[in-house]
Amino acid sequence: MTNTDIRDFIQNAIGENHVMLFMKGTPHAPACGFSARTSACLNALGVQYAALDILPDPRIREELSGISGWPTIPQLFVDGELVGGCDIVTEMYESGELADKLGVDQPEEEPEPAPVQRQQAPIGLDNNLD
Amino acid sequence: MPSAEELKERIQAALPGADVAVEDLTGGGDHFRAEVVSDRFDGLSRIEQHKLVYDVFGAEVGGPIHALSIKTSTPEGTT
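First to last, the protein sequences are chains B and X.
Just so you know, we're using this note's numbering here: the first sequence kicks off at 742 and counts up by one.
Just so you know, we're using this note's numbering here: the second sequence kicks off at 8 and counts up by one.
The shape of chain B in the complex, shown without the other chains:
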C-alpha cells in the first residue's frame, strides 16, 4: 500500500462519514486516554460514528496530519471538517456545542471513557470502519 493509497483512503473516510473519528485503538478498546475520552463523548451523545485506529501503520498518522494540519491524535471530523482533538471535543461536549453540532440532545450523565488497553494493534486499515 503506497502513501497515496493511504491518503486517498483517509480522504474518503472523512468525506463519506458524517462523523469520523481517528483514534489510537478502537472505541471499545482505546489505546490512549485522550482517544478514550473523545470517543466517550460521542458514545455519551449516542451518535453513530465511524472510527479508524491509526496505530496499525505510522503512515496513517503522517498522512492524516498532512491533510488536517493537526499534529495530534485523536482527530474528530464532522461533515468533512476537522472539529478538533480531545481538548476541543471535551470542551464542546461540556458546553453543549457538540450536541448542537450533531443535532442530538445533551445527555445528563457524564461520559465514561472505556478503560485504556495497551495492545498489539491489528495490521490493516479496515479494522473499525462502520
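These are computed hints drawn from the structure, not numbers from a lab.
Wrong hints could be hidden among the right ones.
Mimicking BS3-like on lysine-lysine, the simulated pairs with C-alpha atoms at most 27 Å apart in a straight line are [what the hints assert, rightly or not]:
id	chain 1	residue 1	chain 2	residue 2
1	X	K78	B	K842
2	X	K78	X	K58
3	X	K58	X	K15
4	B	K765	X	K78
5	X	K15	X	K78
6	B	K765	B	K842
7	X	K58	B	K765
8	B	K842	X	K58
Partner residues are not named here, just some residues of chain X that face chain B (Cβ under 8 Å, in silico) [unchecked claim]:
id	residue
9	H57
10	K58
11	Y61
12	V68
13	G69
14	A74
15	K78
Treat the numbers as computed from the prediction; the structure is a model and nothing was measured.
The beta-carbon is built from N, C-alpha and C at its ideal position, and this holds for glycine as well.
Once you've looked at the hints, dock chain X against the given chain B.
The following block gives chain X in isolation, referenced to the frame of chain B:
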C-alpha cells in the same frame, strides 16, 4: 527533554503579551498542558487558536512532546 518552563517561554515568545501557564502532567517531560490567554485569539475558531499554539512546536508535538493539551482563551473571556 523539554521542560514546562521552556514550553512556556517559547509560547510567550511566539505570542507576545500572552498569559501562559504550562504544567508537566506526568513529570516525565513529554505530557504537557498549556493554558494560554492571548488577544491574538480574538475572532479565531478554537481550531485556529489551538493551531497557533501547536505551530510553536511544529513536529516536536507527537515527537519529543508526546502530548500537548491546550486550553485557549482571550483576555475578555473564553471563546
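Next item on the list: Using Cβ atoms only, decide whether Y61 (chain X) comes closer than 8 Å to chain B, and label the hint accordingly.
Entry: Holds - the Cβ of Y61 (chain X) comes within 8 Å of chain B, reaching about 5 Å at its closest.
Checklist line | Interface restraint verdict for A74 (chain X) against chain B (beta-carbon cut-off 8 Å) | finding: 7 Å, holds
Next item on the list: For the hint on K58 (chain X), just tell me whether its beta-carbon gets within less than 8 Å of chain B.
Entry: This hint holds: K58 (chain X) lies near chain B, its Cβ roughly 7 Å from the closest one there, short of 8 Å.
Next item on the list: Compare the distance between the alpha carbons of K78 (chain X) and K842 (chain B) with 27 Å, and conclude whether the hinted pair is satisfied.
Entry: Status holds; Cα separation ~20 Å.
Item checked: Pair hint outcome, K842 (chain B) versus K58 (chain X) [Cα-Cα no greater than 27 Å] -> Since the Cα atoms of K842 (chain B) and K58 (chain X) sit roughly 21 Å apart, the hinted pair holds (cutoff 27 Å).
Note to self: Against the 27 Å threshold, does the CA-CA distance of K78 (chain X) and K58 (chain X) hold or violate the hint?
What the structure shows: Between K78 (chain X) and K58 (chain X) the Cα gap is close to 11 Å, so the pair holds against 27 Å.
Notebook entry, point to check: For the pair supplied as a hint, K765 (chain B) and K842 (chain B), is the alpha-carbon distance within the 27 Å limit?
Noted result: Holds, at roughly 24 Å.
Next item on the list: Take a quick look at whether K15 (chain X) and K78 (chain X) sit within 27 Å of each other, Cα to Cα.
Entry: 13 Å, holds
Checklist line | Straight-line alpha-carbon gap K58 (chain X) to K15 (chain X), limit 27 Å | finding: Since the Cα atoms of K58 (chain X) and K15 (chain X) sit roughly 16 Å apart, the hinted pair holds (cutoff 27 Å).
Note to self: Is the interface hint satisfied for H57 (chain X)? The criterion is a beta-carbon contact with chain B at less than 8 Å.
What the structure shows: Holds. Min distance 7 Å.
Check: When you check the alpha-carbon spacing of K765 (chain B) and K78 (chain X), does it fall within 27 Å?
Finding: It holds: about 22 Å lies between the C-alpha atoms, which stays within 27 Å.
Check: Does the interface hint hold: is V68 (chain X) within less than 8 Å of chain B, judged Cβ to Cβ?
Finding: Since the shortest Cβ distance to chain B is 4 Å, the answer is holds.
Consistency with the previously given hints is maintained throughout, with no hint failing.
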